[in-house]
Every structure is written in C-alpha cells, then in structure tokens.
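Q: Listed below, chain by chain, are the residues.
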Amino acid sequence: MATVYVNDKPVDIGNEKLNLIQAAQKAGVLIPHYCWHPALTVVASCRMCLVEVGERKPDGTVVMQPKVVPGCQTPAKDGTVIQTLTSRAVDAQHQTLEDILLNHPLDCPVCDKAGECMLQDYTYQFGSAKSRMIDEKNTPPNKPYIGDNVTLFTDRCIMCSRCVRFTREVAGTAELQIVNRGHHSEIDIFPGEPLNNKLSTNVVDLCPVGALCSKDFLYKHRVWNLKTKESVCPDCSTGCSIHLDGNKNIVYRLRPRYNPQAQGHFMCDDGRLGYHYVNSIERFLRPTVRREGKLTPLPWTEIASLVRRGFQSAAQKDGTSTVGVLSPFLTCEEAYLLAKFIKGLSPQARLALDSVPIVGEDDTYPKDRRGRPTEPVKFTIRAEKCPNRRGVEAILRHFQGEIISFEQVVRDAVEGRVQALYLAAGYPPRPSGWVSDTQAQGLQRVPLVVCHDLLPSPVSNFAHYVLPGAAWAEKDGTFVNHAGLAQAIHWGITPTGEVRTDGQVFFDLLERRGLAHAPTVRKEMAAEVPYFAALAGSDLGEYGILLESSQG
Amino acid sequence: MPIAASDVKWVTTPMIGLIEQLYVPAILQGLQTTVRHAAKAMFGDGAITQQYPEVEPKLPPNYRGVHRLNRDEQGRVKCVACYMCSTACPAHCIDIVAAPSPWPDREKYPETFVIDELRCIYCGMCEQACPVDAIELTTLFDLTGMSRESMMFDKEKLLSVFDETVKAGTDPIRTRAGRLGVASELPADTGLASSSSAQS
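In order, the protein sequences belong to chains A and V. With the working numbering applied, the first sequence corresponds to residues 1 to 552, in that order. With the working numbering applied, the second sequence corresponds to residues 1 to 200, in that order.
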C-alpha cells in the first residue's frame with residue numbers, strides 16, 4: 001500500500017506502478033502532458049509535465065528536490081509528495097507553453113483540431129494570453145501526402161514524437177521519423193515510403209495538436225458541433241470500443257475509445273473509415289412489396305401484418321419449412337426478438353446463421369519493416385468481419401440447440417424444403433458481398449422471401465418483401481466480440497426516411513406494443529437466455545461485461 | 001484563464017439620501033429631455049418624419065441590415081470557412097460547407113456559404129465572431145423576396161451585396177478595409193502587449 005501526497009492531499013495508489021501523472025490523476029489533479037501517452041514509451045521530451053517532487057519521511061518531515069522534474073518519467077512510490085501549484089511548477093509549465101507557442105501558428109480558426117486541441121486547453125489553463133515573440137515564426141511547408149489517410153501540417157507540430165513512437169512501437173513499421181534539429185525539427189517519412197499501415201490514422205488521435213489530420217475528416221465539420229456516442233466498431237470481431245461522432249443524421253468520423261477488455265487504445269483504418277455506407281444514398285429508405293415484378297412502397301403497419309400472415313400460413317402448413325436467417329450484424333436483442341417471432345410461429349420452425357464474412361487471416365501488429373508480424377502482439381485485426389457472431393450463435397443455441405449454416409439453408413431451398421424465408425441481413429457493402437449470385441439463384445425457388453437489409457444485393461433483386469434495415473450507428477443494443485465480451489452500442493444518428501430500427505420491426509411482427517427499448521429487451525433476454533444472464537443490469541458499463549467465454 | 005479571487009472587485013449599491021428618496025427631482029430631470037425634444041420637433045427645424053418609400057432614408061453606417069461577404073484585394077472571398085459565425089449565430093441561420101482552398105496562401109475556403117435571411121435576427125454576432133472580417137452587416141434594410149428559397153442568400157449573392165455596397169459607397173462603419181482581424185495580427189498591434197495582464 002503506497003500513499004502519494006498530491007498538493008498535500010493523500011491518495012492511496014495501492015500496488016500499482018504509476019508515474020506522477022497517473023498518481024495525480026487518481027487525486028483528480030491534472031498534470032499537463034503532451035509526449036506521454038499510456039500506450040507508448042516515455043521520452044519526457046515535451047517538458048510540459050514538470051512538477052515539484054519530494055518525499056515524506058517516516059518521521060513526517062518532507063524533503064523536496066531542489067528542481068522541477070518531469071512527472072511522466074518519475075515513478076510514484078510510498079511517501080512521494082507532488083506539488084503542482086507551487087510557483088516553481090507553475091512557472092515551469094508557463095515557460096514550456098510559451099516555448100511551444102513560439103513557432104505554433106495562430107490558425108485555430110482553420111485548424112481541424114480546434115476544440116479538442118491539448119495546446120488550446122493547456123494554454124487556457126496553464127499558459128498566457130499573449131506572446132512575447134516579436135520575430136517571425138518558422139513556417140515549414142506542409143506535407144499534404146505522408147500517407148493515404150493522413151496529412152501533415154508541419155508548422156503546427158510541437159515535436160512530442162507520439163506519432164513516431166506509435167509507428168515504431170505499436171504499428172512497428174516505423175514510417176515516421178524526426179528530421180533536422182532544434183526548432184527546425186520536422187516529422188517526415190522516407191521518400192517513397194508513406195505511412196500506409198492499417199493503423200496509420202491512429203496518429204491523428206495521438207497528435208495533441210492539429211499537425212496530423214485525417215484526410216477523411218479534413219474540413220468536413222468542426223468538432224464542437226459533433227455529438228458523441230459510445231459505440232462499438234462493427235467491422236471485425238475484435239469489437240473495438242469507439243466514439244461515434246455525428247451531427248444532423250450524418251456520421252462524420254469514428255474514434256477509438258479506450259477499453260482494456262476489447263482492444264486497448266487504438267483502432268484500425270478499415271474500421272475507422274468503413275462507416276461511409278451508413279450515410280449512403282443507395283440505402284433502402286422505405287418498406288416495399290413486390291407486385292407485378294416491381295417494388296411498391298407500403299406503410300409499415302400494412303407490410304408488418306402482410307409478412308406476419310404470410311409466415312403464419314407457411315408455418316401452419318409445415319413448421320420446418322419456415323426459416324429465419326439471423327445475420328451476425330444483428331444486435332443480440334434483435335436476434336432474440338426475431339428468434340422469438342420465428343419460433344413463436346411453430347416450434348419446428350428453423351433458425352439459421354447468415355453467412356459470416358471471413359476475409360484472409362487475422363492481421364496482427366506490430367510488424368517489422370518488411371511487414372512480418374512480430375511478438376508480442378499489441379493489436380489484432382480479425383479475419384471475421386462481423387461484430388456479433390457469438391451473440392447470435394448464443395441465441396440460436398438457446399432457441400434450437402444447433403446452428404444451421406446459411407449454406408444449409410440454400411441447399412434446402414434448392415431442394416424445395418423452404419416455403420418462407422426471413423433474411424435479416426444488415427450487411428455493409430464489402431467487395432465479396434454476403435450472398436453470391438448462385439446462392440441467390442437457389443433461394444429464388446422459395447415462395448416467400450423477406451429481405452431485411454441496408455443495401456441492394458442479389459437477394460433484394462427478387463425478394464417478395466424488401467424491408468429497410470437500420471445501420472449499427474442507428475441502433476441501441478449489444479454486440480458480443482470474439483472473446484465473449486458483451487458491449488453496448490448506442491445510436492448516434494436517427495434512421496433516415498421511413499427506416500425503423502430492426503428491433504422495432506420485430507416488435508411489430510411480434511405484435512408487441514410500444515417502442516423497442518434495447519435495455520428492456522436486454523433484461524428480458526438475460527432472464528431467459530442463460531448465456532446472457534450477466535447482462536441483467538441495465539448498464540453494461542464503459543468497458544462491457546465479459547460473458548463466460550468457454551464456448552465457441 | 002480562470003479569474004483569480006484577487007482580481008474580483010465587489011461593488012455595493014450606495015445608500016440614497018432624502019432628496020433621491022423623493023424621486024421628484026429625477027422625474028423633472030427626465031421630463032426636461034422630453035420637453036426639449038418636443039419643442040425642437042414643434043418649433044425648430046428638427047422635423048423627423050421621413051417620406052419613405054418616396055425618399056430613401058439615410059441610415060447610420062452601423063445599422064445592422066443584410067449581410068455581405070467581403071472580398072480580399074484579389075477579389076476572392078475573404079472567408080476562411082472557420083464556422084465561427086455559424087457557431088456564434090443564436091438563430092442557427094448560417095450554413096457553411098468547407099473545402100480545401102484552391103489558392104496556395106490559404107488552407108480552407110467556403111465551398112458554399114448560405115445565410116437564411118428570414119431566420120436571421122440581425123444581431124451582428126457573426127460579424128463579431130469573424131476572425132478575418134469577412135462577414136459584415138450592411139445598411140440594406142428593405143429586403144423582399146417572392147419565396148423562402150429566394151431569401152436563402154448563397155455565396156454569390158452575398159458577394160454581390162459586397163460589390164453593390166462598395167459601389168454605392170455605403171461601407172459599414174465596422175469595416176477595417178484591407179486589414180485582417182485580431183486573430184491574424186501580431187499581438188503588438190492589438191494593444192495586448194502594452195496592457196499589463198497579471199502573469200501567474
């Protein structure tokens with residue numbers, strides 16, 4: 001048990017190995033810092049975290065060191081005394097900021113980082129409103145291309161070297177480096193070797209100022225207009241925790257959210273830039289029924305009762321010929337509701353798992369300079385490109401014990417053993433597509449096909465009902481990642497057009513009243529499905545809840 | 001920086017005496033001004049009725065009418081698409097779409113810039129927020145249109161208001177033509193350097 005005194009306030013830090021920044025954080029005191037980041041090595045180069053440090057001896061006397069020291073590379077131990085408000089510490093922070101601002105341009109109005117910039121924040125809290133600099137500032141030319149997704153505004157850089165350390169330590173590919181010396185140092189790449197690894201855009205989040213900017217988000221919006229929701233990236237089964245930034249029903253960007261149980265601090269570019277289909281104009285906007293070969297729009301109320309009656313009559317004739325196919329892009333709650341609907345028609349009705357997109361193999365970082373993965377692994381981009389296979393499988397196991405694959409459904413359909421088919425797809429547009437043309441041809445023999453999807457596919461070309469699905473950014477619910485970690489997703493934008501969330505559509509099919517409220521459904525599901533019993537509380541917390549991970 | 005307790009000066013309302021408590025002198029003092037203005041209007045040459053619309057009124061140059069988007073010396077739009085005006089706008093009537101600028105001396109420019117003149121409350125906050133003095137309110141007040149759409153002023157329209165007002169010589173008084181705003185200048189010019197601010 002170690003006690004640290006932060007500004008004379010004792011804080012118990014237990015047995016953790018912390019530096020002074022982290023110890024002060026425990027006491028609710030912010031020690032400003034730029035170069036230090038919990039996921040990167042310590043260099044203590046920015047000098048922003050200078051504090052006065054001393055030691056409280058067992059007899060109660062305090063001995064202070066005669067100078068300020070960087071908090072990021074000083075370990076906290078029992079009896080450490082941290083003073084951040086003494087004139088020496090305050091002056092040190094003040095002077096460091098003045099030095100950083102000597103060459104930093106005052107272009108906040110046109111800088112994308114403004115509003116979430118650590119230099120703005122610290123200058124406001126610890127710095128001065130004026131500059132004594134009378135000479136001209138260094139204005140090194142910008143480097144618009146240092147990578148496909150990243151651009152560098154060289155003059156804004158404060159040389160914290162976070163990005164350089166990231167590419168060396170986490171990505172491993174070491175594209176970035178510092179060239180020149182002193183006030184002329186710059187971040188740069190080797191000629192012809194751009195920053196194009198799959199983790200490259202993380203340097204934009206790491207950059208404390210607006211030097212490294214994401215080309216995808218560049219000048220798209222000002223950050224203070226964005227509304228942030230906590231969500232989960234749906235693009236692979238790692239299930240990275242993310243911040244979903246949107247405004248006026250448009251998703252503008254995704255940022256990683258720290259989650260030690262899921263992925264850590266970062267996220268990959270595939271996931272970060274893979275959200276654009278949510279804003280796509282090609283998405284289905286209204287429920288339609290195929291009449292005389294043409295898709296005709298109908299109100300939800302009519303279409304829900306038409307679909308329900310179609311499935312009821314099919315199930316009455318032959319229960320096993322009624323099939324619901326659950327996509328691994330559904331949330332657990334939606335899968336639960338749809339399973340309830342299908343199994344409610346007839347106990348013999350069957351549930352299947354829709355195709356699980358697998359692309360290549362798991363991609364691990366760091367890599368070496370030749371792109372070969374090295375140990376220890378710090379980040380994994382998984383081959384399974386869907387967020388919730390395990391959650392949907394748990395639902396399927398609970399409702400029918402076995403998991404029928406999509407291929408099996410297609411085989412049955414070809415043999416004429418499927419009379420009614422509900423495809424809850426909700427797939428993003430990816431090169432391979434979730435259903436091949438031959439599979440779609442096989443399904444064409446089914447007399448009643450409901451395609452509940454986001455975008456046109458070979459199935460929606462002939463399906464009898466095409467229902468618009470809601471994208472993950474529009475839904476509340478739960479995703480279970482590859483390791484059995486259940487995390488809550490929250491809607492950041494509302495569905496466009498007449499689109500309803502999938503849960504609401506299943507509510508209508510089940511003839512349940514009211515709005516589909518994910519936490520309520522989650523509670524009901526937790527009571528019924530033992531696998532989800534741990535989710536009985538209404539809140540899954542910031543980091544999610546690790547379900548029993550013995551299966552699958 | 002947060003305000004330090006030592007910088008805060010507390011002011012209390014002074015006690016009023018017997019004369020002030022009667023209020024009569026204050027009322028008479030106020031009436032004096034009223035009578036002076038009435039007399040001037042009745043007997044002097046200060047007739048204030050204006051024959052609008054036959055005679056166009058000459059408005060003071062700090063009047064807050066229709067907006068204009070200023071041009072720089074090369075005739076390009078001065079705006080840098082920083083969204084400060086739309087952020088400051090209490091009526092949310094400014095819509096900007098920014099894009100990388102086609103000119104080498106600037107990073108960002110407004111691809112579209114639309115002000116809903118019907119929604120605008122003409123408070124002038126956009127003008128105050130602008131770091132480069134690109135948006136200004138002019139003395140144009142008689143704004144009419146046949147549809148709501150025609151009252152959505154886009155970039156071209158707002159630039160044409162600039163051209164018109166420059167031609168008519170009715171520049172707003174707030175113009176500091178040719179000079180950029182406070183944020184773009186060295187602190188020495190702004191007077192910040194001379195003022196003694198409390199350093200921590």
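Since the hints were made in silico from the structure, they are not lab data. The structure displayed is predicted, hence computed values, not measured ones. Any given hint could turn out to be false.
To be verified - When the alpha-carbon atoms are kept at most 20 Å apart in a straight line, the in silico SDA-like pairs for lysine to any residue are as follows:
1) A/K343 - A/S436
2) A/K220 - V/R36
3) A/K220 - V/D7
4) A/K220 - V/V97
5) A/K130 - V/H92
6) A/K227 - V/E107
7) A/K227 - V/D7
8) A/K248 - V/E107
As the list claims (entries may be wrong) - Non-contacting residues of chain A with respect to chain V, defined by C-beta distances greater than 10 Å in every case (computed):
9) L18
10) V43
11) N142
12) T154
13) H183
14) H184
15) L218
16) N225
17) R255
18) V289
19) T301
20) E302
21) L448
Claimed, not checked - Residues from chain A shown here face chain V by an in silico Cβ test under 8 Å; the list is partial:
22) Y219
23) R222
24) V223
25) W224
26) G497
We treat Cβ as the ideally placed atom computed from N, Cα and C, and that holds for glycine.
Q: Determine whether the non-interface label on A/R255 survives the test: each CB of chain V must be over 10 Å from its CB.
A: Holds: least Cβ distance 20 Å, greater than 10 Å.
Q: Within 20 Å, alpha carbon to alpha carbon, are A/K248 and V/E107?
A: violated (25 Å)
Q: Just to be careful, I want the Cα atoms of A/K220 and V/V97 compared with a cutoff of 20 Å; is the pair within it?
A: holds (7 Å)
Q: Would you assess whether A/V289, listed as outside the interface, keeps its beta-carbon beyond 10 Å of every beta-carbon in chain V?
A: holds (36 Å)
Q: For the hint on A/R222, just tell me whether its beta-carbon gets within less than 8 Å of chain V.
A: For A/R222, the interface hint holds, since the closest Cβ of chain V sits about 5 Å away, which is under 8 Å.
Q: Measuring from the C-beta of A/W224 to each C-beta in chain V, is the shortest one below 8 Å?
A: At 7 Å from the nearest chain V Cβ, A/W224 passes the 8 Å test, so the hint holds.
Q: Is it correct that the beta-carbon of A/T301 has no partner in chain V closer than or equal to 10 Å?
A: holds (33 Å)
Q: Confirm or reject the statement that A/T154 sits farther than 10 Å, beta carbon to beta carbon, from all of chain V.
A: With a cut-off of 10 Å, A/T154 remains clear of chain V, as the shortest Cβ separation is near 12 Å.
Q: Is the Cα-Cα distance between A/K343 and A/S436 20 Å or less?
A: Measuring from Cα to Cα gives roughly 27 Å; hence the hint is violated.
Q: Next item in the hint list is A/V223. Is there a CB on chain V closer than 8 Å to its CB?
A: A/V223 check fails; min Cβ-Cβ to chain V is 10 Å, beyond 8 Å.
Q: Does A/L448 clear chain V by more than 10 Å, comparing its Cβ with all Cβ atoms of that chain?
A: holds (45 Å)
Q: Regarding the assertion that A/V43 does not contact chain V, is the least Cβ-Cβ distance greater than 10 Å?
A: Non-interface label stands for A/V43: nearest chain V Cβ at 27 Å, farther than 10 Å.
Hint compliance for this structure: hints 1, 2, 3, 5, 6, 7, 8, 11, 15, 16, 24, 26 are not met, and every other hint is.
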